[in-house]
Each structure stands twice: as structure tokens, then as C-alpha cells.
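Using the sequences and the hints given, assemble the complete structure.
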Amino acid sequence: MIEIENLQKTYRSGFLMKSKLALKGVSFHVEAGQVYGFIGPNGAGKSTTIKVLTGLLNYESGKVLVNGVSPRDVKSRTFLGYSPEQPYFYDYLTGRELLQFYGKLVGLSGAELNSRIDWALALLHADKDWIDRRLRSYSKGMMQRVGIAQSILGKPKLLILDEPMSGLDPMGRRDVREAIQQLNKDGVTIFYSSHLLSDVESISHKVAMIVDGKIVREGTVDEITESCGVEYHVRTRKAILAADLPEGVSLAGHPQEFVCADDAARDRLLGFCLANGIAVERMDHKRPSLEDILTEEIARADA
Amino acid sequence: MQTLKHIGIIALNTFRESIRDKILYNIVFLAIALTLFSIVLGEWSVFDRAYVIKSTTLSVMSLSGLLISIFVGISLVQKEIQRRTVLTLLSKPISRASFIVGKYFGLLAVVAVHLAILTIIYYLMLAVTGADPTLSLLTAIYLIFCEMAVVIAVALLFSSFSSTVLSALFTLGVYFAGHLSNQLLEQVRFASRMGEMGGTSSALFEKAAVVIHAVFPGLYRYNVTSYVVHGVALPDMYLFWNSVYALGYVGVFLAIASWWFSRRDFL
Numbered sequence: 015m016i017e018i019e020n021l022q023k024t025y026r027s028g029f030l031m032k033s034k035l036a037l038k039g040v041s042f043h044v045e046a047g048q049v050y051g052f053i054g055p056n057g058a059g060k061s062t063t064i065k066v067l068t069g070l071l072n073y074e075s076g077k078v079l080v081n082g083v084s085p086r087d088v089k090s091r092t093f094l095g096y097s098p099e100q101p102y103f104y105d106y107l108t109g110r111e112l113l114q115f116y117g118k119l120v121g122l123s124g125a126e127l128n129s130r131i132d133w134a135l136a137l138l139h140a141d142k143d144w145i146d147r148r149l150r151s152y153s154k155g156m157m158q159r160v161g162i163a164q165s166i167l168g169k170p171k172l173l174i175l176d177e178p179m180s181g182l183d184p185m186g187r188r189d190v191r192e193a194i195q196q197l198n199k200d201g202v203t204i205f206y207s208s209h210l211l212s213d214v215e216s217i218s219h220k221v222a223m224i225v226d227g228k229i230v231r232e233g234t235v236d237e238i239t240e241s242c243g244v245e246y247h248v249r250t251r252k253a254i255l256a257a258d259l260p261e262g263v264s265l266a267g268h269p270q271e272f273v274c275a276d277d278a279a280r281d282r283l284l285g286f287c288l289a290n291g292i293a294v295e296r297m298d299h300k301r302p303s304l305e306d307i308l309t310e311e312i313a314r315a316d317a
Numbered sequence: 003m004q005t006l007k008h009i010g011i012i013a014l015n016t017f018r019e020s021i022r023d024k025i026l027y028n029i030v031f032l033a034i035a036l037t038l039f040s041i042v043l044g045e046w047s048v049f050d051r052a053y054v055i056k057s058t059t060l061s062v063m064s065l066s067g068l069l070i071s072i073f074v075g076i077s078l079v080q081k082e083i084q085r086r087t088v089l090t091l092l093s094k095p096i097s098r099a100s101f102i103v104g105k106y107f108g109l110l111a112v113v114a115v116h117l118a119i120l121t122i123i124y125y126l127m128l129a130v131t132g133a134d135p136t137l138s139l140l141t142a143i144y145l146i147f148c149e150m151a152v153v154i155a156v157a158l159l160f161s162s163f164s165s166t167v168l169s170a171l172f173t174l175g176v177y178f179a180g181h182l183s184n185q186l187l188e189q190v191r192f193a194s195r196m197g198e199m200g201g202t203s204s205a206l207f208e209k210a211a212v213v214i215h216a217v218f219p220g221l222y223r224y225n226v227t228s229y230v231v232h233g234v235a236l237p238d239m240y241l242f243w244n245s246v247y248a249l250g251y252v253g254v255f256l257a258i259a260s261w262w263f264s265r266r267d268f269l
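Going line by line, the protein sequences match chains A and B. Each residue of the first sequence is one higher than the last, beginning at 15 in the numbering used here. Each residue of the second sequence is one higher than the last, beginning at 3 in the numbering used here.
Please note that the accuracy of each hint is not assured.
As the list claims (entries may be wrong) - Computed spacing ranges between beta-carbons, pair by pair:
hint : chain 1 : residue 1 : chain 2 : residue 2 : range
1    : B       : A257      : A       : D200      : 38 to 44 Å
2    : B       : Y240      : A       : W133      : 55 to 61 Å
3    : A       : N72       : B       : L249      : 38 to 44 Å
4    : A       : G201      : B       : K24       : 44 to 50 Å
5    : B       : L249      : A       : L30       : 37 to 43 Å
6    : A       : N72       : B       : Y240      : 42 to 48 Å
7    : A       : G121      : B       : K209      : 51 to 57 Å
8    : B       : L241      : A       : N20       : 15 to 21 Å
9    : B       : L126      : A       : D200      : 43 to 49 Å
10   : A       : K89       : B       : G10       : 16 to 22 Å
11   : B       : K209      : A       : S180      : 55 to 61 Å
12   : B       : Y125      : A       : M31       : 36 to 42 Å
13   : B       : V115      : A       : Q100      : 32 to 38 Å
14   : B       : K24       : A       : D146      : 19 to 25 Å
These are computed hints drawn from the structure, not numbers from a lab. Glycine is no exception: its CB is placed at the ideal position from the N, C-alpha and C atoms.
Next comes the structure, spelled out in C-alpha cells:
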């Protein structure tokens with residue numbers, strides 16, 4: 015559905031056309047049927063990548079294919095739906111008029127257009143009175159729902175959403191999450207960016223992490239978190255002196271609680287406890303979250 | 003076929019956007035007021051009353067059409083970019099050329115409606131004041147429409163790559179150059195013939211005047227007010243060839259605007 019190989023994009027700004035490399039060789043693939051999360055800090059290149067995919071930005075080098083076609087070709091957008099970050103629309107139209115306008119642009123008309131609008135609004139729980147009000151009176155959340163609704167009117171095979179959950183209250187976030195899952199069940203491939211990492215973890219089949227214009231991690235959430243190792247937290251019945259602790263084991267703020275950096279350190283601690291008759295009260299493992307990994311990657315990039 | 007459909011949808015939306023624009027109403031009402039005021043001018047003037055009403059109203063049509071073409075025209079594309087509505091629109095399977103052409107036809111329709119309203123008022127006014135409402139006046143109005151068709155294309159061309167203020171200035175520049183290029187060429191040649199300029203500078207000025215005359219659209223061709231008001235016949239095929247001339251310029255300007263617009267990045 016999406017193929018990006020070594021994508022580079024430079025922005026030029028100011029009178030002297032000072033250049034800034036925004037994407038430094040981005041590569042990843044999105045297979046059909048996936049929900050693919052795209053995460054990274056502000057300014058990392060998420061929106062730039064998305065705008066290249068939707069044909070809104072040109073790029074200098076690399077290979078980009080959307081639905082098998084270059085985004086420079088209008089055909090790449092035939093089966094594509096896109097909702098930008100903080101969507102802005104013609105505020106002199108009502109929500110329904112706006113959807114009619116976009117629906118016509120994707121080839122819908124008459125009864126089919128109206129039923130497709132009703133379907134999209136129902137999916138996003140936006141089939142309320144406010145849809146017939148002028149857009150200038152809409153809240154951020156209403157605008158976001160209308161933005162996603164317009165992107166799915168053409169029943170796209172690929173849906174690209176830039177921060178679809180920003181500006182939404184918890185109910186709105188849940189609605190959008192459910193809509194994404196429902197669309198994916200219906201066969202739509204979804205590529206979306208988000209800062210809400212808990213949502214990304216819960217609904218994405220695969221995730222790419224971009225920091226400073228480069229993809230630093232890619233894979234399923236499990237693959238990414240496992241690749242960073244698993245920590246073990248152990249609590250014993252008796253205290254152990256810090257000096258006696260085996261290699262790779264450290265105190266976790268309490269003389270009976272320890273953190274083992276990896277499997278080997280865990281085994282060494284358990285062996286030490288057995289040898290010294292110290293009972294283990296509790297042991298659990300903790301994987302780093304996407305947030306932990308992202309924070310670590312940002313710190314590494316800054317360094 | 004699909005492209006034409008897209009152009010039609012964008013044109014219709016542009017028309018709807020424009021007719022909800024306050025600037026448009028201000029210009030239309032001002033034009034209507036000035037048109038009606040021409041009756042008073044006719045009474046005050048030392049010239050023939052019918053002549054004053056006819057020529058003043060045609061000038062009002064031309065001026066108000068120009069104001070709409072420039073001030074509504076240049077904001078059409080810029081507003082889409084500044085309000086970021088262009089992001090959603092261009093992510094649909096439509097080409098950037100369709101977007102530019104659709105915007106063009108939308109505004110052209112607004113100007114056409116504006117001129118139609120003024121034409122109706124014009125003829126009513128001529129009938130009421132007994133100022134000989136001949137059909138030949140429609141020729142002048144049609145040519146004003148052709149002129150505006152070119153001006154809108156110029157406005158869209160500039161707004162496809164520069165800011166609102168610069169686009170307005172550039173478009174006004176082209177408008178004045180287009181109206182004065184003929185006179186400039188004549189004056190330079192006249193001065194040269196009369197020996198008022200030296201050899202090198204004369205040749206240089208003449209070349210510059212020829213270039214300006216050749217490059218800028220000759221908008222002076224569309225001002226036939228004095229002909230129609232005095233009932234002087236226009237040359238044969240005048241309307242046809244000047245329509246073709248306008249179409250040629252519109253085609254070139256829209257092609258350049260589309261090409262430039264398709265190279266733009268939208269952040």
C-alpha cells in the first residue's frame with residue numbers, strides 16, 4: 015500500500031533560501047490491511063512524510079509509492095483518504111454541505127452521496143444536529159470528526175490520518191479509535207500519526223518511530239519493546255546488602271526490592287537467594303513502553 | 003470528462019464562496035450606486051445627458067469588474083493556502099490544474115453575474131431617462147467581460163506564487179501596462195520621429211516599448227466605449243478576433259499558473 019525507500023526532503027526558507035533537511039532517508043513499508051502507527055516528537059518529520067504521501071509536498075530523492083503509484087501522479091489519490099492535522103474547512107458551509115462538496119469530488123452523487131454521508135457520520139458518531147450548522151461555529155472535536163468523515167466518503171483502500179485524535183475529548187478519542195478499528199475490519203489500510211502513544215499501542219499492527227527525520231524503530235509494538243530488553247522487579251522477604259548484589263542487579267529504592275537489568279541478572283539474583291535461603295516474595299517483569307523508548311531515542315538524538 | 007467535472011465542482015464552490023464575500027457586496031452596491039448617480043451627472047454635465055449616462059455607466063462596469071477580479075480573485079487561491087483548506091482539496095484525486103481552472107471559472111461566473119446585474123440596471127435606466135438604449139452597447143459590455151477574463155487569469159497567475167498584496171500590485175501593474183502599452187509605443191515612436199531622443203536611447207526606448215506592447219495583454223482593445231456611445235461601427239470581426247486574443251492570453255496565463263502551482267509545496 016505504501017512503499018517509501020530512502021526518502022529525502024529539504025525545506026528552503028528565508029530570503030537566502032536556507033535549507034533544512036527534514037527527512038534524512040526515511041524507509042518503511044505499509045502492507046495492505048494494516049493499522050500502521052507513525053510516532054515521533056514534534057518536528058521529527060511525521061507531517062512532512064504524510065504530505066509527501068498525499069502529493070502535497072514534492073521531494074528530492076528516494077522512492078515513494080502509494081497504491082503502487084508515485085504521489086506525483088493524481089491516480090495515487092484515487093483510492094486514498096486523507097485528513098490533515100487540525101483540519102480547516104470552508105467555514106461558510108455547513109458540515110453536510112462540506113461533505114457533499116468533497117463527496118462530489120470523489121465521484122459520488124445523488125442518493126449514493128447522501129447515504130455515504132450518513133454512513134460516515136454514523137461511524138464517527140457525528141450524526142447530530144450540529145452537522146447542519148455552519149462550520150465556523152464548530153468546536154475542534156466537531157471539526158476533527160468532519161475531517162475524518164470527508165476522508166472516508168470515497169471508501170478509500172488507504173486512509174492516511176494526521177493526528178486524528180488531537181483535540182478530542184476521551185469520548186471522541188474512543189469514537190475515533192473504534193472507527194479506525196471498524197474501517198480496518200472492513201479492509202481499509204490505515205496509516206496514521208499520533209502523539210497519544212497509549213492509543214497507538216492499543217490499535218496498531220505495526221509502528222514506525224521517527225526522530226529527527228530518521229526512522230529509528232519499526233515493527234510491531236511487541237517487537238519494538240522486546241528489542242529494548244525486559245527488566246525484572248524482584249521483592250525478597252529479607253534485605254540484601256547492596257555490596258552483596260550480583261552483577262546487573264540494583265536496588266530499587268528499598269532494601270528488599272531489586273531491579274534486574276536482563277534475564278541473566280535475574281538468574282544470578284535468584285541463584286543468590288537460593289544459595290542464601292532468602293525467600294522471593296514477588297517477581298514481575300516490565301517492558302519499556304513506546305513512550306519510554308521514544309523518550310530515550312529523543313535524548314539520544316539530542317546528544 | 004472527470005477533469006471537467008472536477009473543474010465544475012470547484013467553480014461552483016468558488017462561486018458560492020465569492021457570493022458570500024462581503025467585499026463583493028461592497029463593490030456591487032457601490033457600482034449600482036455610481037450607475038444611478040450617472041443620471042445626476044448627466045443632468046449636471048454640459049455634455050449630452052445620454053452620452054454621460056452611457057459612458058459613465060460603462061466605466062463603472064469596467065472599474066467594478068476590475069475591483070472584483072483583483073480583490074476577490076487574488077484572495078481566492080491565497081485564502082485556500084492560508085486557511086489550509088487546500089490540503090484536503092488537493093489530497094482528492096484532482097489535478098492542481100483543475101483547481102486553478104475551477105477557481106478561474108468560478109470567479110468568471112461571479113463577474114458575469116455582476117455585469118449582468120449592472121446591464122439590466124443600465125438598460126432600465128436608459129429606458130426610463132429616454133437615453134436611447136441601443137443593443138450596440140452590449141458590444142462594449144461583452145468586451146469589458148473579455149477584459150475581465152484576462153485580468154482574472156493574471157490575478158490567479160500572480161496569486162499562485164506570491165502574497166496577496168504583491169499579487170494585487172502586480173495585477174494592477176499588468177492592467178495599467180495593458181491599457182497604456184499602445185500609447186507608450188506611439189509616444190516613443192512619435193518622439194523618435196520628432197528627434198526628441200538621441201540615437202541610442204531612442205532605439206533602446208523603442209525596443210522596450212515594443213517588448214512591453216508585445217508581452218503585456220493589450221487591454222486597450224477592450225475599451226470601445228467612445229465607439230458604441232457615439233454609434234461608430236467597430237471594424238468587421240473585431241469582437242471575434244479580440245475574443246480569440248483574450249482566450250489566448252487566458253490560456254497562457256492559466257497554463258503558467260497551473261504549472262507554477264503544481265510545483266508548490268503545501269505545508
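Verification of the hints:
1. The hint said 38 to 44 Å for the Cβ distance between A257/B and D200/A, and at roughly 42 Å that hint holds.
2. Under the hint 55 to 61 Å, the C-beta atoms of Y240/B and W133/A, about 56 Å apart, fit the expected range.
3. Range check, N72/A to L249/B: about 31 Å between beta-carbon atoms, so the 38 to 44 Å window is missed.
4. Roughly 46 Å separates the CB atoms of G201/A and K24/B, a value that falls within the hinted 44 to 50 Å.
5. About 41 Å separates the C-beta atoms of L249/B and L30/A, a value consistent with the hinted range of 37 to 43 Å.
6. Under the hint 42 to 48 Å, the C-beta atoms of N72/A and Y240/B, about 45 Å apart, fit the expected range.
7. For G121/A paired with K209/B, a C-beta distance near 53 Å keeps the hint of 51 to 57 Å intact.
8. Distance hint check: the CB atoms of L241/B and N20/A are about 58 Å apart, inconsistent with the given range 15 to 21 Å.
9. At roughly 60 Å, the beta-carbon separation of L126/B and D200/A lies outside the given 43 to 49 Å, and the hint is violated.
10. Range check, K89/A to G10/B: Cβ separation about 21 Å, and the 16 to 22 Å hint holds.
11. Judged by the Cβ atoms, the range 55 to 61 Å given for K209/B and S180/A holds: they are separated by roughly 59 Å.
12. At about 55 Å, the beta-carbon gap between Y125/B and M31/A misses the expected band of 36 to 42 Å.
13. Checking the proposed 32 to 38 Å range against V115/B and Q100/A shows it holds: the Cβ atoms sit about 35 Å from each other.
14. For the pair K24/B and D146/A, the beta carbons lie near 23 Å from each other, so the given range of 19 to 25 Å is met.
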